[in-house]
Amino acid sequence: QVQLVESGGGLVQPGGSLRLSCAASGLIFSFYGMGWYRQAPGKQRELVTYITNYGKTNYADSVKGRLTISGDNAKNTVYLQMNSLKPEDTAVYYCKAHGEGRNDYWGQGTQVPVSK
Numbered sequence: 466q467v468q469l470v471e472s473g474g475g476l477v478q479p480g481g482s483l484r485l486s487c488a489a490s491g492l493i494f495s496f497y498g499m500g501w502y503r504q505a506p507g508k509q510r511e512l513v514t515y516i517t518n519y520g521k522t523n524y525a526d527s528v529k530g531r532l533t534i535s536g537d538n539a540k541n542t543v544y545l546q547m548n549s550l551k552p553e554d555t556a557v558y559y560c561k562a563h564g565e566g567r568n569d570y571w572g573q574g575t576q577v578p579v580s581k
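Residue numbers in the sequence shown follow this note's numbering, run continuously in steps of one, and reach 581 at the last position.
Relax, there's no trap hidden among the hints.
Straight-line distance between alpha carbons at most 25 Å, and here's what the computed DSS-like set of lysine-lysine pairs gives:
hint, residue 1, residue 2
1, K581, K551
2, K529, K561
3, K551, K561
4, K561, K540
5, K529, K581
6, K581, K508
7, K529, K508
8, K540, K521
9, K551, K529
10, K508, K551
11, K508, K561
12, K561, K521
None of these hints come from the bench; they were simulated from the model.
Modelling step: build the complete structure from the supplied sequences, incorporating the hints.
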């Protein structure tokens, strides 16, 4: 059974930092690209950043230079380092595993409110 479990969310002040983790089990991690998505209240879920299974990354323009994705194949975990957070970064953050020709898997989400 595949599971993706996010952690690390919580209230943070504008300008602050947070690191999210997504631990995967039940799949061969190196076969999958991993993405972080977010959904703000009243808005559609959007892609924030993605790392392929060979390490190539891409970022939404709104987060470039502030958010960094990284992966640890030994721990089956992907991270999202978030710096210089803004109120507009407030959302529920989800990780997703995507493998070519394979099912996609989602985590349950972790809340990140950015507020004074």
